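Protein chains: 2
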Amino acid sequence: MSFHPPQRTLMGPGPSDVSPRVLAALGRPTIGHLDPAFIELMDEIKVLLKFAFRTTNELTLPVSAPGSAGMETCVVNLVEPGDSAIVGCNGVFGHRLCEMIRRAGGTAIAVEDAWGEPVDPNKIEDALKRHPEASLVAFVHAETSTGARSDAAVLCALAAEHDCLSIVDTVTSLGGIEVDVDAWGADAVYSGTQKCLSCVPGLSPVTFSERAAERIRSRETPPVSWFLDLNLVLGYWGSGARRAYHHTAPVNSLYALHEALLILKEEGLEAAWQRHAREHRALAAGLEALGLQFVVAPEWRLPQLNAVRVPAGVDEAAVRARLLREHDLEIGAGLGPLAGQVWRIGLMGNTARRRNVLRCVSALCAELPGAGDAAASAVAAASGVARD
Amino acid sequence: MSFHPPQRTLMGPGPSDVSPRVLAALGRPTIGHLDPAFIELMDEIKVLLKFAFRTTNELTLPVSAPGSAGMETCVVNLVEPGDSAIVGCNGVFGHRLCEMIRRAGGTAIAVEDAWGEPVDPNKIEDALKRHPEASLVAFVHAETSTGARSDAAVLCALAAEHDCLSIVDTVTSLGGIEVDVDAWGADAVYSGTQKCLSCVPGLSPVTFSERAAERIRSRETPPVSWFLDLNLVLGYWGSGARRAYHHTAPVNSLYALHEALLILKEEGLEAAWQRHAREHRALAAGLEALGLQFVVAPEWRLPQLNAVRVPAGVDEAAVRARLLREHDLEIGAGLGPLAGQVWRIGLMGNTARRRNVLRCVSALCAELPGAGDAAASAVAAASGVARD
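Sequences listed follow chains A and B, in order. Taken in order, the first sequence gives residues 2 to 389; the numbers are from my numbering. Taken in order, the second sequence gives residues 2 to 389; the numbers are from my numbering.
What the hints contain is simulated information worked out from the structure, not anything from laboratory work. Owing to the predicted nature of the structure, the values given are computational and were not obtained by experimental measurement. Zero decoy hints are in this set.
A pair holds if it fits inside one copy or across any two, identical chains being indistinguishable in the list.
Only pairs whose alpha carbons sit at most 20 angstroms apart, straight line, appear in this in silico SDA-like list of lysine to any residue:
(1) K266 - T57
(2) K51 - R212
(3) K130 - H163
(4) K266 - M2
(5) K51 - D181
Please model the entire structure based on the sequences and the hints provided.
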């Protein structure tokens, strides 16, 4: 029997609510991946990605697989056997970077911070001094597992000072908070489509500085992955009318990405960031009125990923299940050491609307044991945050 | 500006024409990749893939990236550094297998056959005798670059006799000609969605025998790829209600795959193979009436991928461009040593219909310099092949 999905409101850690415009684009008739009309679309997508990343990097394209493959693209193209990389680890994704670096034949020097804290630039600087052999610094700008932002500008500058290339994870930040690849001087940056771009999952935009591109062109060994080898991928995604077949691009997903980027461009980057910040304030007002406590300090809190502690004695999985079943509302569970301890409430891209904030706060009022008197004031608090 | 693709008829080497039912499924609202409703869909997809592959293999799932990533999944999970693999090379994709095996730290022993010929079992057997250290035999069942079928049953049996696991590329065969994983005794088989399944590009179904699964579970080193590491992927795609996050699945593409597999099941595997064979006979009658010669001998010819030689003096790229521009009809160019020498005309999945055969033959009549008198008889020849 054909599958007809329930109609959810997606307030987990991604995917976020995909706009009907994007779904309509996705469902348009498939054409060939070498069709001249498709090549033109690819060129437009590259221009729009440069806009979203705020970069003039020529080497900017969407990898034909989800965000984790974007992470692996950056790692396997920049790490050669014997290379050392300093990695900021303050959640799931920093540790994943370490694992990928090791599999590519490199040494990962993990610099640990507590989950919920930003990556500490002082510790990164210490590691750079202790490891002059390091050629890379990698970190996560917006840790999806905790909701913490790290200071990408400072961390990229430290890397450059010590002659290292930087790898920056912007899976959850792109389109939701300031991402400024050229101003940061970031060298290799990857993202995902299903977070603040509110496109369907399955693609991973990446961008590389000329410095990084030069290192990739002059590698001594080929990357461990053929599928993600940028020197090969560029035969297809490079410039010029002539494109060589490498793999079959996910044509329809790229229609969707194009439409999602158009929507972002129409709104404007700053306007999108401001909307995320504003709706976060509304959500935070509601959650705090319900007595829920954030994991991350206000200064480092991501507006688009709100991790709050589960109140003592509450069965967190049961609450999530009821939100889904009774309210068609998805929120996320904790990962790693935060499993069972937190909920992760996403306000990403098209989901970051007041109607969803109020929906979430009122659903929590209904389902949180003992919300009682707090309920009315929570909705009022969320509703009261200025709308423009 | 939103992208509105031209409406093509896709008779190249894939993607093929995607049914409106599949496009409708693709465009349904996105839900979370851990939503219980989605987990149920995943389970149904696994059952349908087992049906399509004709296998009871428990380890059967769609990789979240195109066919080349399916190839890389088989290679990186089965090859450990120092392993040797015998690879049948009779086109682009055998050579790609060699390249991936080397990058995974293995030794690829290439067994060459001419492009357009099947893989010769005698040569594979000789290689097995000369290389008792080999632990794998890899080959392409349906070479998309030439249109040649190889005898998968015989090649898999040879591998098993010599205590090797077999890796079989069924990217272009699955759904179009007989693929019989369990009867072959094949150990690792990958495919793509955009060929005879007529789904959108971007996913790669794979299936592994218990013997292959056991080798994967007992590896001494982790695979070079984290993204494609099946021991990790199975935390998400494995059985049971509890699924651990690994990467974000391409939710909407999986809706589409589910629908495409339902369509295949409704038609029946044998009926789909017969339809491909019948429409191939019609196309061949038309092409031969036009004086076009097939690259592959009839016995080894793939019905779904018809490689024909470009007549002397004809500008092949100009003809393809006119077919696309004037007729909205895509056919494929040659690859590698066949570039400029052949056209590849696909009759895959939903495209394998008499209306498309006639459309292609009549468009070639119009655009082939000097088709002249042959034109009327070519259409009549294609039209005259029995329809059931």
